[in-house]
Amino acid sequence: MALEIPKVSYSGKIKEIVLGKGDKALTVGGETSYPFYLFEGQMSLKPRIAMEVYDSTPEDWPPAALEPFADVVSDPAAWAKKCVDTYGAEMIALQLVSTDPNGENRSAEEAAAVTKKVVEAVDVPIIIWGCNNAEKDTEVLRKIAEDCAGRNLMIGPVTEANYKQIGAVAIGYEHTVIASTPIDINLAKQLNILLGNLGVPDGRILIDPTTGSLGYGLEYCYSVMERIRMAALTQEDERLQFPMVCNLGKEVWKTKEAKQSREEAPKLGDPVKRGVLMEAATAQLLLLAGADILIMRHPEAIGLIKDMLNDLLAA
Amino acid sequence: MALSGIEIFKKLPKTNCGECGVPTCLAFAMKLATGQAELVACPYVSDDVRAAIDEASAPPIRPLTIGTGDRAVKLGGETVMFRHEKRFENPPGLALVLSDTMDDSVVNEKLSKFKDLEFERVGLILRPQMLALKGESGDAGKFAAFVKRVVDQIDAGIILMSDKPEVMAEALKICKDKKPLIYAATRDTAEAMGNLAKEVACPLAVKGSGLDEVMAITDKLLGMGLKDLVIDSQPVNVKKALEDQVVIRRSALVKKVKQLGFPTITFPGQLTDNKMKETLIASLLIAKYAGIIVISEMEGHNVFPLLLDSLNIYTDPQRPMAVEEKVYEIGGPREDSPILITSNFSLTYFIVSGEVESSRVPAWLLIKDTEGLSVLTAWAAGKFAADTVAMFVKKCGIADRVKHRKLVIPGYLAGMSGELEEELPDWQILVGPREAAHLPAYLKQWSAA
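Chains as they are written, first to last, in our numbering: chain A, 2 to 316; chain B, 111 to 559.
Just chain B, with the same shape it has in the complex:
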């Protein structure tokens, strides 16, 4: 376990000098325990104490970043086994494999497809963020030229893949500033790869067959002073892949096994030749703790489900997802189309807009900001009260876009229709169905006249 504030306090000088920027040592200790302060701020602790506190307060799974700028991929930093216990922090990086033995035309086509795979959802941009560049030719010059060609064309988190330190060294010369992940140090190359990684200050992946071998390699690299490591345990089948991910996460969190306290990298394509099944294995790995998932083919039909999977699993369970407050146009509504209003809880929005869409009746959907609360909860919390609803209806400008003055409210809020009519005297308030599933039938019989 990480040290508590009191345990840290016992190791501090207890002089309350305030030079750390916090008035007392106790307050400083509390901030350290919650990660709001860093020990370097205290000029008086001894090196021994510093080492002890640093080690004890280090996150159990090392947070690290691959790449730079907009496309930097953050990994690790996880603190729980189940998302409901707190939340999962950093969604896995999805990486597409490209090899220096592929034809240029194939590479270009895959890259242009990769760039296109970008989807907007709940105000977030979902996209695969990484490319795994494989030095399959074994030729240092060829690999370096290939890496250069790719990184010149596209901004993505880069994984360089080669078992040969001399090949890796050439590729790193090209792109070390992009902070690529070096894949990988094996039992035989740990020292050479470790030195390379140190020299360029880039994260390094460890490849071992099985967790014991992985631990032997990470132990050696930790001894060399490396910190940003990523683990590949090379499971032989799906069952073992799941087991390894669970055991790595659990060992790091529960037992503080420092040799396993790193994010992982996984290769579903090594476990099957079937692209559909590869996607399912990736889907399993998203839920079960993978840090990076390298896949052999990216098309809209397999990447989109994986991005949704990742979005769902990594959503913070303590914070409802919300969509933007505005007027949504569904199916090209006109001045005689129905107007519906509901809350901005993302699930409410998706379900309601989905049903309106499937009704094929064009409609205006007013989404009011309820801080991500669902209709009834929002109403109970005063976030969907008649006065605020009325204010939103007035300011959103819908009145200028339609000829009629009929507003459909959620069936569960039938009770507020009178009050709303008082707030919106020009409008007629209609009570819609309670369940979104009944919207299509409702809309089909709706008429502006």
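Same shape as in the complex, but just chain A:
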């Protein structure tokens, strides 16, 4: 009795997007099937992992997350270098949290200066992630785009509120935009249409569908991402055929359970392994839903995901 595998016929393909510039540039996308369904399609370009670097010393990280970076947390350039040299990071994601007007409110100039240092310290592709305040991000990301002209940084989050300004500088100074919408397939599509109308080339758009942690809303992201991929591949929804980015490290490590010590949560086992597994399990689910770029924190969680990727994509 031989089983004939019922296959899905895919009519669409995810666009290939080049990240960064030079020898270390990477390309993501290009899928012609649901994630890892290699028995009926292709996924020749691996999903990539960007390691987080923060522009100011983290204050509320649990020891498990802090320990691998303890010697570099006050110096973003050294931090980025350690990620690349010690942990083999293939990408860096610089999180500009200190620019938040509700927090430290550092200026665009300061943010650009820090970015410049990080960009000069490493040669891998770099994501620049703002503080999620549309107005401030516009100011900060414009300055950075200009100062780092031609580097093909991935800049975001670009939202409906600031896509014109940031989109324009991305075109002018040759960067890639991360189009961010709040867990909604229609809004995601709409923003990609708007960016296209503005003149941002298709090769320079990534989707941020908004990410939640395991146990904290992950199911919403998971299903929206599945629907985005389904529309892109089987319904030829051309404005959704872009690779997806998930900024998950910060979501996981701010949850109560990722932070609790053994004394605070005796039933939750080893705090380091728990945090690592929560981050890796979140990443694993996002990969299954269609993530092409994962922004992650813990080197061990990253190692586990790389291992899984090798297994899932083995020839």
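Careful: at least some of the hints might be erroneous.
In silico DSS-like pairs for lysine-lysine, Cα to Cα no more than 30 Å straight-line [unchecked claim]:
#1 Lys-349(B) - Lys-8(A)
#2 Lys-387(B) - Lys-257(A)
#3 Lys-307(A) - Lys-141(B)
#4 Lys-268(A) - Lys-398(B)
#5 Lys-385(B) - Lys-14(A)
#6 Lys-268(A) - Lys-244(B)
#7 Lys-8(A) - Lys-350(B)
#8 Lys-255(A) - Lys-385(B)
#9 Lys-330(B) - Lys-368(B)
#10 Lys-274(A) - Lys-350(B)
#11 Lys-14(A) - Lys-349(B)
#12 Lys-387(B) - Lys-268(A)
#13 Lys-330(B) - Lys-8(A)
#14 Lys-220(B) - Lys-268(A)
#15 Lys-436(B) - Lys-255(A)
Derived list of chain A stretches under chain B, where covered just means 3 residues or more per stretch with a C-beta under 8 Å from a C-beta of chain B [unchecked claim]:
#16 35-41
#17 61-75
#18 193-202
#19 215-222
#20 225-238
#21 275-285
Far from chain A, some chain B residues (derived; all Cβ distances over 10 Å) [as the list claims (entries may be wrong)]:
#22 Ala-137
#23 Val-260
#24 Leu-534
Think of the hints as simulated: they come from the structure by calculation, not from any bench.
The beta carbon of each residue, even a glycine, is placed where N, CA and C say it ideally should be.
Go by the hints and put chain B onto chain A.
Chain B in isolation, oriented as in the chain A frame:
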């Protein structure tokens, strides 16, 4: 495809006798099509028609239960490939492996840990529900004694694992009333295991290398009249494990391949020696269709993420998760601690309580029942209107527990503060931040005076 009501109607006697309890044959047919009635209620259909309708209306993936009572584990009954298409029905059973070759002390320690792994979340108790008992010694008496010792100590869904029918037979004598899963019938033992399963009326797992072999075995067992089967395709690597799960689910749902219309059993520990990676493989299998996931080690740090994973994936996308309406105490609040109020959408609760907790400012969090809607949606739907909010504030008893009369409402609802002040004349209404992330900063500057 299952038959439509009209297709079923055509096969019924069309006498509208009403003996089935439904006035007309058409109405009865409609109920059959939606699973609200059973064909046995009609005394007049012929056996041929009965067989045809039964087969066509059987769920594409057999629903079955392992175990009895509180700890019974329901599997199968799935109807979609993607959770947003409807929902996933039965979360996978997480099973811990124990072997009859382990030292008693090791077994006892693992069991006591297993009992402790219980977590309360959104009013649900999350816990691993199953034990996979392995007859590694190959000795029938030893295995039976081991099974007895375990089932006497703990109430869980049991999987009995042995390739030898004579060993299995002894173990079944001990615990057949607990409706264990018999693992497994192979190509060589299909008949013997099939007969055993039939005799004790317990579900039976099928182990074959690859789907073709699995189908040959299930076909044989179906022929013997067995119905409650579980499939193990013995994938050789992670990639194949994913492929098999997808192909099994899709064949059953799309092509109605009846030899594959069963829940599955998986063993991530057979694909790696690394316990951390085993957890990740299990996490993948939760999302991608596994019925039972047998794991080699259970600790809080690996079981908790898997339970969350399962909770997330199996949450009904059409029904928002809600938490209980009440006053939540965060960080031991006192009579001068701030009071915040928000909706009972579980995500809102988790995020708000998480931020309050991380602020290290003790606080009272009033969670009002909004039927699981988030703040703005609830407000728009009238479930977070000033009058009902006021009523909840009055009846929840918070006024007796604090000295001040200041209530912080979500920033997005700033517009209702005037109305709320009218409803709660003794209270001062404060507008909190719009985003939960800004709560710590807000709370740190908050003062009762």
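Hint check:
1. Lys-349(B) - Lys-8(A): With a Cα-Cα distance of about 17 Å, the restraint between Lys-349(B) and Lys-8(A) holds, given a limit of 30 Å.
2. Lys-387(B) - Lys-257(A): holds, 23 Å
3. Lys-307(A) - Lys-141(B): violated, 50 Å
4. Lys-268(A) - Lys-398(B): OK: Lys-268(A) and Lys-398(B) at ~27 Å, within 30 Å.
5. Lys-385(B) - Lys-14(A): violated, 36 Å
6. Lys-268(A) - Lys-244(B): Satisfied, since the Cα-Cα distance of roughly 26 Å is no more than 30 Å.
7. Lys-8(A) - Lys-350(B): holds, 16 Å
8. Lys-255(A) - Lys-385(B): Holds, at roughly 25 Å.
9. Lys-330(B) - Lys-368(B): Distance ~12 Å between Lys-330(B) and Lys-368(B) Cα, so the pair holds.
10. Lys-274(A) - Lys-350(B): Given pair Lys-274(A), Lys-350(B) holds - Cα atoms ~27 Å apart, limit 30 Å.
11. Lys-14(A) - Lys-349(B): Within the cut-off at roughly 21 Å; holds.
12. Lys-387(B) - Lys-268(A): holds, 21 Å
13. Lys-330(B) - Lys-8(A): Status holds; Cα separation ~26 Å.
14. Lys-220(B) - Lys-268(A): holds, 14 Å
15. Lys-436(B) - Lys-255(A): holds, 25 Å
16. 35-41: holds (count 4)
17. 61-75: Since 1 is below three, the answer is violated.
18. 193-202: Since 0 is below three, the answer is violated.
19. 215-222: Holds, because 7 residues of the segment 215-222 of chain A bring their Cβ atoms closer than 8 Å to Cβ atoms of chain B.
20. 225-238: holds (count 3)
21. 275-285: Coverage by chain B holds here, the residue count being 7 at a Cβ distance below 8 Å.
22. Ala-137: Nearest chain A Cβ is 35 Å from Ala-137(B), so the label holds.
23. Val-260: Non-interface label on Val-260(B) holds, nearest chain A Cβ at 22 Å vs cutoff 10 Å.
24. Leu-534: holds, 28 Å
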